[in-house]
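K.L.:
Make a model of the complete structure from these sequences and hints.
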Amino acid sequence: MSAVMTPIPEAPAIAPVSPRRPLIMIAIAVVLGGLFTWLAPADQVTTFIFNLGEQFFEIPDWAVNSRAAAGAFAVIAIIAAAVAWPLHMRRRSVLWPSFVMGAALVMSFLSWVAADERLPVTGLLQGSLLLAVPLVFGAMAGVLCERSGVININIEGQLLAGAFMGAVIGSLTVNVYLGLVAAPLAGALIGVLLAVFATRYFVDQVVVGVVLNVLVIGLTGFLYSRFLSEDPDRWNNPPRLPNITIPVLSEIPVVGPVMFEQNLIVYLMYITVILVQVGLFSTRWGLRVRAVGEHPDAADSVGIRVNSVRFRTVVLGAAVAGLGGAFFTLGSVGAFGREMTAGNGFIALAAVIFGRWTPLGSLGAALLFGFAYNLQNVLSIIGSPIPSQFLLMAPYLVTLIAVVGLVGKVRAPAADGIPFRKST
Amino acid sequence: MSEDRSESPSPILDSRTRDTLHPPAEPPPGTSAEIRRSVLGMNLLVSFLAVVLALLIGGVLIVVSSPEVLAAAYYFFDRPADTFQAIWQTLSSAYSALFQGAIVNLSALSEGDLARAFYPLSESITIASPLIVAGLAVAIPFRAGLFNIGAQGQMTFAAIGGGYVGFALALPAGLHLAASIIVAMAFGAFWAGIAGFLKARTGAHEVITTIMLNYIALYLLSWVLNQDWFQREGRNDPISPILSDTAVFPNLFGSSLRIHGGFLAALVAVVVMWWVLNRTTLGFRINTVGANASAARTAGMNVGRTWIIAMLLGGAMAGLAVTMNVNGTDKVVTAGVVGAIGFDAITVALLGRASPFGVLWAGLLFGGLRAGGLTMQAQTGTPIDIVLVLQALIVLFIAAPALVRAVFRIRGGSSEAMSLAKGWNG
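Residue numbers (this note's numbering), protein chains in the order written: chain A, -18 to 405; chain B, 20 to 445.
Among the clues, some could well be false.
[Stated by the list, open to error] FRET-style restraints, in silico, Cβ to Cβ: (1) A/289 <-> B/126: 52 to 62 Å; (2) A/19 <-> B/252: 27 to 37 Å; (3) A/37 <-> B/252: 51 to 61 Å; (4) B/108 <-> A/34: 56 to 66 Å; (5) B/255 <-> A/363: 18 to 28 Å.
[As the list claims (entries may be wrong)] Here are a few chain A residues that face chain B, going by a calculated C-beta distance under 8 Å: (6) 185; (7) 187; (8) 188; (9) 199; (10) 200; (11) 202; (12) 331; (13) 334; (14) 368; (15) 370; (16) 373; (17) 374; (18) 377; (19) 378; (20) 381; (21) 384.
Keep in mind the hints are simulated off the structure, nothing from the lab.
Computed from a prediction, not measured in an experiment: that's the story for all the values here.
In this text, a Cβ means the ideal position worked out from N, Cα and C, and glycines have one as well.
P.N.:
So, in structure tokens, the structure goes:
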């Protein structure tokens, strides 16, 4: 992972490395850490709670002075940023220092906003993972499509199609697992449209993606009005997936309740991420997908059928997104609602770019977004000194800053978005 | 569509719509003027057929989901005529309502009640006005090779500034409206400029930054609407005071029709943007950067600055677009004042092929579809969502002329697919 995440040097190899990036990191750590420490009340206590249900052993609640904790975490963040400097100057990966810095700043922030409150850390993480599930599926769909050279702006539509079909089939058959099979098929159907227009009619892929999103919103809305809202018991009352507790693993404190007391879709998500990562980077199939995404002419010259590889990869990716869409209905609330994906597909797209078109990087970005969403939920429950609108804004603001300041110029697969026409 | 070709000032613009990497292997015979004429006619034909095809597919969807048709189809083998009658009944009433709701109320026309007869047309134009200008907000950055998904956010942010000037200041009539519009345009330009600046300076892709800015603007508006200096006195829900009478667009044909001066502003915006894009050095720079940024850079153009200017122009248009609602139809700022116009604008710009006059026709078409769709929903119970399906299908078919020609078995014509946006690396 670290090899993939290494920042691409912007200048030729002989030129000295610019210290811009670590400087930005240190500035962020000092300013934000200082701000949180200054705002944290010195006479109040923040309590972090780690227990949720029954595990092997209990981690005692952790009560600390708010300002002391905020300051301590701010110092950790600054140290992490300082460690990144020499690493960056020697062209090493600064992934881990960045991660530590981010986590420490979050803890510093929490020490301030949760002053005089009890903050359920494990519950916060558990909810974060749940909110990240459709994002992760969407991001994997994006990675697959774009690695093969087809831009996927259509993730939103594929998620929505999956959510809709999962609910309808699950409802009509009164079988949640049939719904779970129907969702990826619906996503794949949208993927077929995307692939046909992109690889057969060579239509601008961004255009097709945007238009297909509108089409899916219109179709699902139309059918929702005609059938689902007319007779909800028959059309829109799917069973929900039960939670499956994995023995032993679920007994690990913090990690257990967060990762191993979830429903089937979450476990499928783990498997999907592993399959995409291994598939893309360790199999012949993955090599071909990446080849047609980076250099289709070269791939063509060694006998790979570029457009058919792209077609299959896009349909596969769309099926993955469709499966993720099922989480909105079968995996959480059950009933389908109009436009219920609410922009998650676009956030997943941001995660793909944030994660530099790598499965693990996108996974990390998707989890980060999930955490930011759920942090807002948790803080609005326990009450915080920040207006809720600014908390809601935070994930997008963080993405904006991250894309601009820390990720910088990103490099997509070289042939991403360029239709391939075999020269004759 | 066709306007794009006829108004091109330079060969560079023409090549923009072609695939520069893979030129057609065999140019068809004939002089360039002949080709141009035949391509133009063919494009018009394909556009028309694309609308027909979309209406056909939409019709199938309306019919197969209609409760009456489904009821008749239960006993299809006993009395098949019932099913066909139900199909005809459903389809003709739906599309007749769509047409009458979009253009002219035929029964009122025969009674000679002109205000009521042309009420639908007034509604179509009222709905189309912000769509047209927001379409420009997406189209202009398109010409510079930027994909502005952020018209929604730019309109939202502009609503804050324009709306505040509209209800908080006391200025003479006319001047007040102008001030409100200018502030809205400045706010829109600022919000879009952020994305343009970030693209130019750091290379951050505008698709991502504009999506993020959309959400940030949305929550900013939601926060502002809860502040004492913006919320209407005595109200707990997020709503601003009503705009002063001096700051609203005057109605064009009396108070019984909703059509207002915003439509004239939209027409002016279309003409001005056409002039800027096709008759000025700035427009030439925008088109060149959009056609090939590396070539433009080699030719000595400042690509980054052109991107920023294109985004500023687009954002200003988004700001103007939202005034159609804030100072026109709604006369108040609420969380929903933008609706989904910023997103619909993307399809408008695509259908208009990023040319100002193309955007004008596309906006009018979609405005008409929406106004007609509302009537259709009220009269026949056909959900308005069908309009979104029609919009998507029309753009899809026009984007893939080869498909339309294959369906209708037309031969010849250029098979060039629409190419507007750039990939991530572009």
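K.L.:
List, from low to high, the hint numbers that the structure doesn't satisfy.
P.N.:
Hints that this structure does not satisfy do not exist here, as all of them hold.
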